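Colleague: Residue strings, one per chain:
Protein chains: 2
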Amino acid sequence: MFDQTPQGAEVIARTKAPGRPRIVIVGAGFGGLAAAKALGGAEADVTVVDRRNYHLFQPLLYQVATAGLSPAQIATPIRAVVADATNVRVLMGRVSGVDAARRVVRLEDRELPYDYLVLATGARHSYFGRDEWERFAPGLKKIDDATEIRRRILTAFERAETEDDPDKRRRLLNFVVIGGGPTGVEMAGAIAELARRALARDFRTIDPRQARIVLLEAGPRVLAAFPEKLSAWTARALGRLGVEVRQGKPVTACDEEGVVVDGERIPAATIIWAAGVAASPAAKWLSSEADRAGRVKVLPDLSVPGHPEIFAIGDTALACDGSGQAYPGLAPVAKQQGEYVARLLRARLAGKAPAEPFRYRDRGTMATIGRGAAIAKFSRRFQLTGFVAWLLWGLVHVFFLVGFRNRFTVLADWMWSYVTFQSGATPTTGKNSE
Amino acid sequence: MFDQTPQGAEVIARTKAPGRPRIVIVGAGFGGLAAAKALGGAEADVTVVDRRNYHLFQPLLYQVATAGLSPAQIATPIRAVVADATNVRVLMGRVSGVDAARRVVRLEDRELPYDYLVLATGARHSYFGRDEWERFAPGLKKIDDATEIRRRILTAFERAETEDDPDKRRRLLNFVVIGGGPTGVEMAGAIAELARRALARDFRTIDPRQARIVLLEAGPRVLAAFPEKLSAWTARALGRLGVEVRQGKPVTACDEEGVVVDGERIPAATIIWAAGVAASPAAKWLSSEADRAGRVKVLPDLSVPGHPEIFAIGDTALACDGSGQAYPGLAPVAKQQGEYVARLLRARLAGKAPAEPFRYRDRGTMATIGRGAAIAKFSRRFQLTGFVAWLLWGLVHVFFLVGFRNRFTVLADWMWSYVTFQSGATPTTGKNSE
Numbered sequence: 001m002f003d004q005t006p007q008g009a010e011v012i013a014r015t016k017a018p019g020r021p022r023i024v025i026v027g028a029g030f031g032g033l034a035a036a037k038a039l040g041g042a043e044a045d046v047t048v049v050d051r052r053n054y055h056l057f058q059p060l061l062y063q064v065a066t067a068g069l070s071p072a073q074i075a076t077p078i079r080a081v082v083a084d085a086t087n088v089r090v091l092m093g094r095v096s097g098v099d100a101a102r103r104v105v106r107l108e109d110r111e112l113p114y115d116y117l118v119l120a121t122g123a124r125h126s127y128f129g130r131d132e133w134e135r136f137a138p139g140l141k142k143i144d145d146a147t148e149i150r151r152r153i154l155t156a157f158e159r160a161e162t163e164d165d166p167d168k169r170r171r172l173l174n175f176v177v178i179g180g181g182p183t184g185v186e187m188a189g190a191i192a193e194l195a196r197r198a199l200a201r202d203f204r205t206i207d208p209r210q211a212r213i214v215l216l217e218a219g220p221r222v223l224a225a226f227p228e229k230l231s232a233w234t235a236r237a238l239g240r241l242g243v244e245v246r247q248g249k250p251v252t253a254c255d256e257e258g259v260v261v262d263g264e265r266i267p268a269a270t271i272i273w274a275a276g277v278a279a280s281p282a283a284k285w286l287s288s289e290a291d292r293a294g295r296v297k298v299l300p301d302l303s304v305p306g307h308p309e310i311f312a313i314g315d316t317a318l319a320c321d322g323s324g325q326a327y328p329g330l331a332p333v334a335k336q337q338g339e340y341v342a343r344l345l346r347a348r349l350a351g352k353a354p355a356e357p358f359r360y361r362d363r364g365t366m367a368t369i370g371r372g373a374a375i376a377k378f379s380r381r382f383q384l385t386g387f388v389a390w391l392l393w394g395l396v397h398v399f400f401l402v403g404f405r406n407r408f409t410v411l412a413d414w415m416w417s418y419v420t421f422q423s424g425a426t427p428t429t430g431k432n433s434e
Numbered sequence: 001m002f003d004q005t006p007q008g009a010e011v012i013a014r015t016k017a018p019g020r021p022r023i024v025i026v027g028a029g030f031g032g033l034a035a036a037k038a039l040g041g042a043e044a045d046v047t048v049v050d051r052r053n054y055h056l057f058q059p060l061l062y063q064v065a066t067a068g069l070s071p072a073q074i075a076t077p078i079r080a081v082v083a084d085a086t087n088v089r090v091l092m093g094r095v096s097g098v099d100a101a102r103r104v105v106r107l108e109d110r111e112l113p114y115d116y117l118v119l120a121t122g123a124r125h126s127y128f129g130r131d132e133w134e135r136f137a138p139g140l141k142k143i144d145d146a147t148e149i150r151r152r153i154l155t156a157f158e159r160a161e162t163e164d165d166p167d168k169r170r171r172l173l174n175f176v177v178i179g180g181g182p183t184g185v186e187m188a189g190a191i192a193e194l195a196r197r198a199l200a201r202d203f204r205t206i207d208p209r210q211a212r213i214v215l216l217e218a219g220p221r222v223l224a225a226f227p228e229k230l231s232a233w234t235a236r237a238l239g240r241l242g243v244e245v246r247q248g249k250p251v252t253a254c255d256e257e258g259v260v261v262d263g264e265r266i267p268a269a270t271i272i273w274a275a276g277v278a279a280s281p282a283a284k285w286l287s288s289e290a291d292r293a294g295r296v297k298v299l300p301d302l303s304v305p306g307h308p309e310i311f312a313i314g315d316t317a318l319a320c321d322g323s324g325q326a327y328p329g330l331a332p333v334a335k336q337q338g339e340y341v342a343r344l345l346r347a348r349l350a351g352k353a354p355a356e357p358f359r360y361r362d363r364g365t366m367a368t369i370g371r372g373a374a375i376a377k378f379s380r381r382f383q384l385t386g387f388v389a390w391l392l393w394g395l396v397h398v399f400f401l402v403g404f405r406n407r408f409t410v411l412a413d414w415m416w417s418y419v420t421f422q423s424g425a426t427p428t429t430g431k432n433s434e
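First to last, the protein sequences are chains A and B. If you count the first sequence from 1, position 94 lands on 94 in my numbering, and the numbers rise without skipping. If you count the second sequence from 1, position 211 lands on 211 in my numbering, and the numbers rise without skipping.
For the record, the hints were derived by calculation from the structure and aren't laboratory data. Quick caveat, the model's predicted, so the values are computed rather than measured. Certain hints may be false.
A pair holds if it fits inside one copy or across any two, identical chains being indistinguishable in the list.
In silico DMTMM-like links for lysine to aspartate or glutamate, alpha-carbon gap of 20 Å or less [as the list claims (entries may be wrong)]:
no., residue 1, residue 2
1, K284, E309
2, K168, E108
3, K37, D84
4, K168, D255
5, K168, D109
6, K168, E111
7, K37, D202
8, K142, D131
Next comes chain A alone, as it looks inside the complex:
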């Protein structure tokens, strides 16, 4: 796709100020961007490499997939974020590997030398070896995933409207979400609200309120990372929204026609995968030790064993707390790890003593189910459900959105939707807009 000549690497090497160490950050997700920002003004030349030229606020991606928000509202140009940090440069490009011996990052068309390397490459979906399911059940990681899922959801209603065969219409109005984690819960709730509120009045032949939304969780309960009480509350809240929650049974088949769970076939034209994630191939690049999900096992200071100059953070890393418990794949964990590595590198550059091991400060986790319904856990004793949790969820997410403009427009859209019951961005685009 790019067509630079290989002397690229040399040029960058030459442009390096003499003696200034080079820090390369791969990936501009929560972890990588936090590291880059915290390294602004440091005595080093920092290069951020990402396949995209924007940072994606993934926690709200499901709202793009359900026509609540537009892609631009949850994406911020990386360059704009680090515009003031003149020692930080941004390269749009795809990393194909790392040569740890020669200390270079391999891009498609050049090499990027580093003195310190931060791998924040994130995670992708995992279909647990059933990759053939991806065609029928797309996952939700990228903006293109979200617009494709939105297209499928809205097209299903459009096709149902013109469908005369009742069985086919039934199938078009069935929506199956696989995976009862936060993303699956949020998707199922959002589809239910789209069908029961935003689209309710728009059709003549079908009644979108008759759409059947099924949330499938193979484990014993949804939101397994939360206390049982909150899982139970979530399942009830989903039920009130009209979502059919099935727990404790894995999906055994997934194809054109629908899914099979617990021996029963559920016909569905729209299937969404929210079940599994696997780390990006960073561990393979380093041929270092990884867990089954492909996460790089890192030392307490987040460096890769045998490579004190290489760090892995966020979903790329398997980091454990004092008690050997692995940290969860959450945005705040990635952020704090990025900031930690930046602090550690600043200390090293200043020749200071090695830093304390990384410790995650858990300020609480939340998940939203739908209009006026969310859960929040701050400690074993302090937990919230319902409207207050939902307000809090909204405030926190708007607050952490990158870029004031996004905060403003997202808040405006949410208020609008809350008052009018309409959704933000209903038109289908992508393949469909032709």
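Dock chain B against chain A, hints included.
Modeller: Frame of chain A; chain B shown alone:
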């Protein structure tokens, strides 16, 4: 893509209330949508057919292509627009032809019978027989065109940033717009402002302000539909924005490397086609008389000769005023024609006398060049240029945007951009977000 059984047509026939005439409108652009809205509550079953489920506000599409607005801001779900008109139904589907003898519209998967047919299928680009140019110089008609052009523009800057070969970098920073009509002028101006303002601070190696934007017009002057004075003012205003305007010479070649005009080759990685449009194949469907651009020649009441029950409006039609002068392909013309046909049909249904021939009421035409610069023509005597014309252009376009929500968010985005010099939606998506 759809999979309905052919009994579809029968079903629709059956669902038709006895004796109620069936009006089919093909296309939900300005003309078709105006007709559908004006037929709300009429004594007829109205069906709107469109390939998309949304109406696109094309006059602002160039702002999506230049990262000023998001697609959802200029697209309104058709169903929402006609939600209150219970006698109007919307079908998402692709029309493949018309059988005027049997009075049915052919969709991919079914037939749609009609008593009255309104063809509002709009126009596509025309490369004047050089269709091989489309690959290198995409046009701007659909949302996908706009996001693809945005991707190309922003990717060009990204690639230039990492490009070490000065010639290749030069080519990446050259932007050529072919065609000096309103779209071409608006695109050229918007790219210039994107480079000189929104992106100015974001890059380290390149200076986006060094981008070269060339607007090529084969005819003697840009905005040929406007008085010469305004064309000259526009060319000067573009010059002030840093756009190189070349008039009077056609493009003789267009390829991977760039374009050739007047014997000179201009290397450019990004080429945009704003030169020619051709009507959709409606004339072929009816095998009726058409002009070179493929527009159906219609009678003074906009009906197709020999088919008093078929009407063609907007860019689909070649309609002439009393003096035999063809009406231009403008949104207001299409709108007024849609409203006229609706009135005419209501009169016919009520058995009233045939309507007056269609007359276009020209309330003025405008074009915008950039921040604080636009032109407006209301009559031979009353014309405007500059800041006032620009404010007026903004007000008029916001006012005519379909949907209060879009009006609100677009206005908010414009004000934001005006104050901050930032553009609304810079991230590149589409193929690039992978």
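Colleague: Would you mind marking each hint as holding or not holding in the structure?
Modeller: Verification of the hints:
Within a single copy, K284 and E309 get their C-alpha atoms as close as 17 Å, which meets the 20 Å cut-off; across copies the closest is 68 Å, which misses it. Within a single copy, K168 and E108 get their C-alpha atoms only as close as 46 Å, which misses the 20 Å cut-off; across copies the closest is 17 Å, which meets it. Proximity of K37 to D84 under the C-alpha cut-off of 20 Å is restricted to the intra-copy arrangement: shortest distance 9 Å within a copy versus 51 Å between copies. For the homomeric pair K168 and D255, the shortest alpha-carbon distance inside one copy (15 Å) is at most 20 Å, but the shortest distance between copies (47 Å) is not.
Taking the closest pair of Cα atoms, K168 and D109 come within 20 Å of each other only across two copies (15 Å); inside a single copy the shortest separation is 49 Å, beyond that limit. Taking the shortest alpha-carbon separations for K168 and E111, only the inter-copy value of 19 Å comes in at or below 20 Å, while the best intra-copy value is 53 Å. In this homomeric assembly, K37 and D202 come within 20 Å of each other (Cα to Cα) only across copies, at 15 Å, whereas the closest approach inside a single copy is 46 Å. Taking the shortest alpha-carbon separations for K142 and D131, only the intra-copy value of 17 Å comes in at or below 20 Å, while the best inter-copy value is 33 Å.
In this structure, every one of the numbered hints holds.
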